[in-house]
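Each chain, letter by letter, is given below.
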Amino acid sequence: MQKRNSRAWFHRFGSSSYFYRIASRWGPRTGWGALVLMVTGIFMGLFVAPPDYQMGDSYRIIYIHVPTAWMSLSVYVLMALAAAIGLIWKMKVSFHVSRACAPIGAAFTFCALITGSLWGKPTWGTYWIWDARLTSELVLLFLYMGYMALDKAIPDRNTASQATAVLSLVGLVNIPIIHYSVEWWNTLHQGSTVIRMDGPSIDAQMLVPLLITTVAMNLYFVSVLFSRVRCELLNLERRTQWVREVING
Amino acid sequence: MQAQRKKRLLIVTMIMVGVSISAVLTLLSLTENINLFYSPSQVHAGEVPADASIRIGGMVVKGSVNRNPDSLEVNFDLTDTAKIVTVVYTGILPDLFREGQGIVAAGKMKNGRFHADQVLAKHDETYMAPEISESIKAAHGQQSMESGY
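These protein sequences, in sequence, are chains Y and D.
Using the working numbering, the first residue of the first sequence is number 1, and each one after it goes up by one.
Using the working numbering, the first residue of the second sequence is number 1001, and each one after it goes up by one.
Think of the hints as simulated: they come from the structure by calculation, not from any bench.
Keep in mind that a hint or two might mislead.
Unchecked claim - Taking lysine-lysine pairs in the DSS-like style, the calculated list, with each CA pair at most 27 Å apart, reads:
id	chain 1	residue 1	chain 2	residue 2
1	D	Lys1083	D	Lys1108
2	Y	Lys152	Y	Lys90
3	Y	Lys121	D	Lys1062
4	D	Lys1137	D	Lys1062
5	D	Lys1006	Y	Lys90
6	Y	Lys121	D	Lys1108
7	D	Lys1007	Y	Lys92
8	D	Lys1110	D	Lys1083
9	D	Lys1062	D	Lys1083
10	D	Lys1062	D	Lys1110
11	D	Lys1006	Y	Lys92
12	D	Lys1062	D	Lys1108
13	Y	Lys92	Y	Lys152
14	Y	Lys90	D	Lys1007
Stated by the list, open to error - Rough simulated footprint, nothing fancy, chain Y against chain D, three-plus residues with beta-carbon under 8 Å:
id	region
15	1002-1010
16	1113-1121
To be verified - Now the stretches of chain D that chain Y is said to cover, found in silico as 3 or more residues with beta-carbon under 8 Å:
id	region
17	1014-1026
18	1029-1038
19	1083-1096
20	1124-1133
Heads up, the beta-carbon is just placed ideally off N, CA and C, and yes, glycines get one too.
Please construct the entire structure, taking both the sequences and the accompanying hints into account.
See the structure below:
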């Protein structure tokens, strides 16, 4: 009995009405937090941080490029984890979370690719090159789009959830490939700056705004995720008692 | 955990293991194709296909850059600290191109020299303010890093 109680919180999240309540409370808060931190981080990045000794001011696109690139990976991991929980515990809310991750993750991936391309032209001399890092990140965009297409192509919700879950788990193998691509192969893209054994190789004054915009992107993600899951729950469970109570106040 | 859940967890784990093994095998067998460029040592060792368009990468040897004053032609030596390949290029070099900088050139080997039709600059993972770069240079008393932007 003791064991069962210790996991009660986990099963409570499986309840649609409980998840809806948590999401309605924290969605707006994280959204405002994201806005404040984003403005602060971008301001510091553009006006407080010093220019780079080689790239001058053009490196400042890092404050969008790196957080969106990190998010493109972590959102995918969450999407696959939620799908796995849905498969193993047959938890419907978990599938809704997974499904809501896909378009947000795709948007982050798209932003990372575009900002990287704009940064590549002045720095490397080209918008695009088929090196391991850029190619594997492009594959990630296709994985997100494939997930969304597969989801829309299957009319039955349960079948769609299971099919997309397997797809997301298979695609998970691409995540370490993206991260280690710059170490395993020789590429035009440079190696990791922040996540490395001997500590970040970036000026502290440049690093702080980067960390702030990263936290902002995470909060933004949580906020959008909660809105999407709430819409999905209201739509799918519109005939249930708890939705009627929410609508009627 | 219920027996049914345990079984589903096992299936999910098996999918992951299977996919990972096949990915590792695929990538290992494709290493040569995934690498973006050959090193000067590989060129000297004859690992580079003759008459094929390839990319080579390395550091620009200090003091090896010769510009033709009448045209955009430039030649320089590229090294991986072991071997050297001379690169010939006609065109505009990227802003970050300088001696001691890592670059990637695309083109063909001809008569022992590499004729490039594209030169790209590699950027390293270090970001610092110009003043700090200056003070590091002063401390080491070296001429290696070109000043400023």
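Going through the hints against the structure:
{"no.": "1", "hint": "D:Lys1083 x D:Lys1108", "verdict": "holds (18 Å)"}
{"no.": "2", "hint": "Y:Lys152 x Y:Lys90", "verdict": "holds (20 Å)"}
{"no.": "3", "hint": "Y:Lys121 x D:Lys1062", "verdict": "holds (25 Å)"}
{"no.": "4", "hint": "D:Lys1137 x D:Lys1062", "verdict": "holds (16 Å)"}
{"no.": "5", "hint": "D:Lys1006 x Y:Lys90", "verdict": "holds (12 Å)"}
{"no.": "6", "hint": "Y:Lys121 x D:Lys1108", "verdict": "holds (23 Å)"}
{"no.": "7", "hint": "D:Lys1007 x Y:Lys92", "verdict": "holds (19 Å)"}
{"no.": "8", "hint": "D:Lys1110 x D:Lys1083", "verdict": "holds (17 Å)"}
{"no.": "9", "hint": "D:Lys1062 x D:Lys1083", "verdict": "holds (14 Å)"}
{"no.": "10", "hint": "D:Lys1062 x D:Lys1110", "verdict": "holds (23 Å)"}
{"no.": "11", "hint": "D:Lys1006 x Y:Lys92", "verdict": "holds (18 Å)"}
{"no.": "12", "hint": "D:Lys1062 x D:Lys1108", "verdict": "holds (23 Å)"}
{"no.": "13", "hint": "Y:Lys92 x Y:Lys152", "verdict": "holds (17 Å)"}
{"no.": "14", "hint": "Y:Lys90 x D:Lys1007", "verdict": "holds (13 Å)"}
{"no.": "15", "hint": "1002-1010", "verdict": "holds (count 3)"}
{"no.": "16", "hint": "1113-1121", "verdict": "holds (count 4)"}
{"no.": "17", "hint": "1014-1026", "verdict": "holds (count 5)"}
{"no.": "18", "hint": "1029-1038", "verdict": "holds (count 5)"}
{"no.": "19", "hint": "1083-1096", "verdict": "holds (count 4)"}
{"no.": "20", "hint": "1124-1133", "verdict": "holds (count 10)"}
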